[in-house]
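There are 4 protein chains.
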Amino acid sequence: MRVKDVKKVVLAYSGGLDTSVILKWLQTTYQCEVVTFTADLGQGEELGPARDKALMLGIKPENIFIDDLREEFTRDFVFPMFRANALYEGCYLLGTSIARPLIAKRQIEIAEMVGADAVAHGATGKGNDQVRFEVGYYALKPDVKVIAPWREWDFSSRTALIAFAEQHQIPVSKDKRGEAPFSVDANLLHSSSEGKILEEPWEAPDEMVWQRTIRPEDAPDVATEITMEFERGDAVAINGVRLSPAMLLTKLNELGRANGIGRLDLVENRFVGMKSRGCYETPGGTILHVAHRAIESITLDREVAHLKDSVMPRYAEIIYNGFWFSPERRMLQAMIDESQASVSGEVRLKLYKGNTIVTGRRSPNSLYSMKHVTFEDDQGAYDQFDAQGFIKLNALRLRLGAMAGRKGGAL
Amino acid sequence: MRVKDVKKVVLAYSGGLDTSVILKWLQTTYQCEVVTFTADLGQGEELGPARDKALMLGIKPENIFIDDLREEFTRDFVFPMFRANALYEGCYLLGTSIARPLIAKRQIEIAEMVGADAVAHGATGKGNDQVRFEVGYYALKPDVKVIAPWREWDFSSRTALIAFAEQHQIPVSKDKRGEAPFSVDANLLHSSSEGKILEEPWEAPDEMVWQRTIRPEDAPDVATEITMEFERGDAVAINGVRLSPAMLLTKLNELGRANGIGRLDLVENRFVGMKSRGCYETPGGTILHVAHRAIESITLDREVAHLKDSVMPRYAEIIYNGFWFSPERRMLQAMIDESQASVSGEVRLKLYKGNTIVTGRRSPNSLYSMKHVTFEDDQGAYDQFDAQGFIKLNALRLRLGAMAGRKGGAL
Amino acid sequence: MRVKDVKKVVLAYSGGLDTSVILKWLQTTYQCEVVTFTADLGQGEELGPARDKALMLGIKPENIFIDDLREEFTRDFVFPMFRANALYEGCYLLGTSIARPLIAKRQIEIAEMVGADAVAHGATGKGNDQVRFEVGYYALKPDVKVIAPWREWDFSSRTALIAFAEQHQIPVSKDKRGEAPFSVDANLLHSSSEGKILEEPWEAPDEMVWQRTIRPEDAPDVATEITMEFERGDAVAINGVRLSPAMLLTKLNELGRANGIGRLDLVENRFVGMKSRGCYETPGGTILHVAHRAIESITLDREVAHLKDSVMPRYAEIIYNGFWFSPERRMLQAMIDESQASVSGEVRLKLYKGNTIVTGRRSPNSLYSMKHVTFEDDQGAYDQFDAQGFIKLNALRLRLGAMAGRKGGAL
Amino acid sequence: MRVKDVKKVVLAYSGGLDTSVILKWLQTTYQCEVVTFTADLGQGEELGPARDKALMLGIKPENIFIDDLREEFTRDFVFPMFRANALYEGCYLLGTSIARPLIAKRQIEIAEMVGADAVAHGATGKGNDQVRFEVGYYALKPDVKVIAPWREWDFSSRTALIAFAEQHQIPVSKDKRGEAPFSVDANLLHSSSEGKILEEPWEAPDEMVWQRTIRPEDAPDVATEITMEFERGDAVAINGVRLSPAMLLTKLNELGRANGIGRLDLVENRFVGMKSRGCYETPGGTILHVAHRAIESITLDREVAHLKDSVMPRYAEIIYNGFWFSPERRMLQAMIDESQASVSGEVRLKLYKGNTIVTGRRSPNSLYSMKHVTFEDDQGAYDQFDAQGFIKLNALRLRLGAMAGRKGGAL
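Protein chains in written order, with our numbering: chain A, 1 to 411; chain B, 1 to 411; chain C, 1 to 411; chain D, 1 to 411.
Just chain A, same shape as in the assembly:
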């Protein structure tokens, strides 16, 4: 992009050192008007300082946008994703991946409002987040100009970056002078840590990496019992208390944190082609995932459940790769949402030192039929003799194969 091309840019601004440097770099390099957007996604930081810092760096008050997106984030992004039981590579609850599209969406909305022609973010050129931001931008505003300073500028070292900061009167706190021992992303769903001291996958993460959960060892010796209520696939109440989506997730986070639940130390495959190691904490999300599967276990038809399971890896990959705002995600979502019509009821859980243990599930829509499953007299609900025909016809093709010389399913 030629620098003169940009008139006004909306920057995803955290208020931290790095995005402050980006802010100043945009002003000086692109010589364009900068609009900052700071979102409360539940990352647990005050947003006031971000406003102050933006003002201090010369942003006009009308160009400073600060939004509390916690409810929208939980309701429209986290909950739909949990309806799918999404796990990336069998383990990861996609806490970072799911937040990026919402930030991108809000940036583009602001760009449309203020007439900006460009957007910028603070993600590096090696990670997935740049993709998630930019795919969102392009899908929502196809002619938008995208500035990814980490891919463009020439700060060859952290020292050079800090020198730039000091040169431009950006406050650099003492602890930022030296580099952080790892980098962190956080929102209402999770915290992730990666890089630096975590880069050797044979080394266990230092305890200080875990910020959002206590050690299982330090959790109470007595289990916490809770019940969760679901309606059409979404959690709506804990212990009988109805809560908004964000408040419910907040409550689950507290319960998870206190019981050492939701830690994950994973080597994963990035969309950009390399493996990376991340340490994730998803306390509330872990509980929600287990509980959602439990309520589905009695309310979903078998083939519906299996169909969901068969598309789940693809759905998770779509979100991980940053394609939330894509027609394929919307297609899958339509299917998944359709499946949740009857996913209502109650789940009872025991939370204990890292474990989320299902101890009961019930639903007015339950498909579990004690009458059919019982070993006791079922009063004719099920005719055991039907099983013979069922087995014989299911085995017929294998018998025909064996008769043709392919015994035991030989190919």
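Everything hinted at is true.
The list cannot tell twin chains apart, which means a pair is met if one copy fits it or any two copies do.
Derived lysine to aspartate or glutamate pairs resembling EDC-like cross-links, with alpha carbons at most 20 Å apart:
| # | residue 1 | residue 2 |
| --- | --- | --- |
| 1 | Lys-7 | Asp-143 |
| 2 | Lys-350 | Glu-217 |
| 3 | Lys-350 | Asp-218 |
| 4 | Lys-350 | Asp-221 |
| 5 | Lys-8 | Asp-117 |
| 6 | Lys-407 | Asp-337 |
| 7 | Lys-145 | Glu-109 |
| 8 | Lys-371 | Glu-203 |
| 9 | Lys-407 | Glu-112 |
| 10 | Lys-145 | Asp-378 |
Hints in this document: simulated from the structure, not taken from any laboratory.
Knowing the structure of chain A, use the given hints to seat chains B, C and D on it.
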């Protein structure tokens, strides 16, 4: 089947009350020669009594077959399945499902040896096991006659069955007189409990249900650290000690038991069409599953891993439904086994009160490249600028869609 | 089923010899009231005679139901299926499969109306149709009693059946006395022929088998050109003339018939476990299938199209197996229908001696961008340099693999 | 890439104008030694002139490589792909896609032989071929330098390119001076045409576009009948005459050409993100595809066939996108090849004016059982009564759903 049609039958015989009644019922109803087959699959019971009982019930010594199949079971059934990371309905490690095909296979081998024309098993007409046994029988010996006494006889109650036992001098121990509070299946991989007191899915299982693991609460307060070594997808050593498959699984079971690992309380969908509730204990298998995913995480290519994940639900369903000896399972196995060529290396784990926590993984075949992933100077290993073209072309179709009026991935 | 259990039965009645025998057999064996239901699904037969025959066989006028279901069949069954581009085993357009659920649905509606407790059909015990009928019945009325005479009665030969007919004053036309050389099923979508002279898959079908299309050799030497218009995935007009669904399919059938289009000679796998050989004629459906893919080719996003293709075999299998009225079909349908929002536009086709050749497609929703694809000057629409980064990151995992000794994608 | 970095480059050289310009451009811009590689993949051009031209442009004789790869191409690339019944987007037989990996492989082999550090190709920056070449290069030689002149040079117009040619004494034939009306790629499997006059998807292609097949209208009025023999999934003989893979494909091409078979006019989705329109001729491949499905129809188990169908779209996408040399393709290939063990036998076909009509199939490994499928007396092969239990248990979950208020498969 007309009773006069059967000349000689091989019965899967546990030595317990039920299969002893079946044995006698076969003798009296079909008036055929009965051959008993009792397998040690690691269920933890002495096999001597089964031999004695068979003799006592009039089985000729040459018609009594007792085999220790623990190594074959682990090596040729459990391990191949774990290469696939198989989980049925997101949770179940398929401990019962995987044992049935081996029993069927051995029964058919014996039938061929002794010239039997029929086989019989003690599974009921409501469950999955009848399917697993019989599909195996038919696939291996398409002309075999199958006798499923539970579907055929007319014992209308447990009392009638016990009366039959007493009438035929089958010993009935006191605790069998009343009915067991739930039914149990066990082998080296797991124990499962279901039925009776477990039939209400809202009620938590009584602690006595769990027989193979101690309560997480009762497990040591200090984590147990272990390392596991893998070669081509299979675990081969624990803490540096090389073990045969069955011995390795036995060792993992001990470690799992002691740390309260591997309990699962699940409502699942049976192949025969109803939901059932099972309580499963898979201590060693749970550890093996987690460790296998961990070694794969650094040795498998991304697309290989995702392809495996995408077929896994189907693979698990095939095994759950009883189609181990099918060409589709063999096809998938060929693909899965092919993927494991480089899955060798070491995993370090912390076992703690129900948790299996990965703390490290390394491999001579690792695809993790610290040089590429590092936030530090990567000396040109990765050109961050490539990400721009990568993102732009990945987003192109979405931009074209948005320009055509379908913003944000609208359909 | 004990015969005394049935009070009133709704029979799917064609008016032919076989279902007339069934009618009488139900009356004499079950001694129940019989209600007949005859549907016009476009099979090309007069329905008046069916009414007369039912009356003659003693059915009360108020118990005779005759419905013209052609529009419902096309609109609610055929068209939704064609949105999915459904092909069973790569070839078969599912013409028989898709008609059965509608018949089942209407039978159950009538059963509810007249207070019948049972339904009956004339499908044999070897085929798929029995499954399709009965799965539909059970899904719509779970307590319904199902009578499948072909599985129950003891007519050991065609002669015995005809003797029964004569004994009960059922008219037997001369040509029915000897057996037909093959059996036929027909509806607005297709005709299928199977059995008898078609049972040897190495023998080509006799020309008399084909009843609904002329031989390609006999078709005109000059191609017929047509245009078809689509709206949201459904065909709505031919050559600019808007037609109702059934009228449109009728018109396509005429065009297909005249040009020798839509013959298929296939060995397929039945749900009940054996292979069978069928000769299918789907003249209009074949044209519709090709045209629908063509309009999708310019209106569907790539990933949407690929996702559809990936679930298509499963969707087709569901319908083939008879699970139209299942939640898994509804789930997939929700996803497929969602994808069709923009599938509107026009397709031009050449029909010529068995060939359906696409010669043009256009749409107001087209995603085809000449500006982007052109080899000519694209005025900056596409920056070829982006491809470098795109390729390098897509290849990165393979390069890392090769560096780790796995050249050329070795595993 | 800095130009001075390249020492020796292996160029995929056709001998045509474009790659001759590239050759000279590499010499002048990179000032490196150029090695030319020209392959006979059955494109139907003499290779002698390519050698002469390379010599004339100053390439040393030892740096000129010309290989006849027709057998390797057919045996190791085309045939394995046809085992999968691969179709991209439901229609395209992947004729261009499958040739690129072999060219890439041979270029890398030559690079290793001659000690070259770079490779170059003549594909543009908008198409898929650049990806297919380069992904192959990187997968086989991860440190190779890749030169894609079309993405790098600054010929802003065809005129500039021709001026460069004339300036460097590259012969420019008269017909190349003006631009070709469309661009063509050809090999033993197919010819493709795209661009220029084909860019408007509403316009039918001019007849001159089709070069490898005659018009169906011009094909003989009498069908040609052939038989094809298969062994383990590969065609091995036509009309009883055993032929090598390339000779067999050549023969099929002749048969297809003469009967107007294998034309396809398609709008497809490119991997780089835009839609394009291609006109493909795959005469022999079309016949092979139909015949292969036919021999599979009697030799493959149902679930094997369905599993193949379910992964086919993914397999085709992998090849289309250029990932032949990837572990995921190898994994799928392992599975597919495993399935072909019994795919041997004979298929009879009628070729007639664009149609490939199966008229018979037989195999020593046939799973088709006339005894089971017959409507006649099957002498007890199949017990129709089994169907009742089969249906009842298959419908059980739907009945339970309906009883719980979800009639007709409602969600």
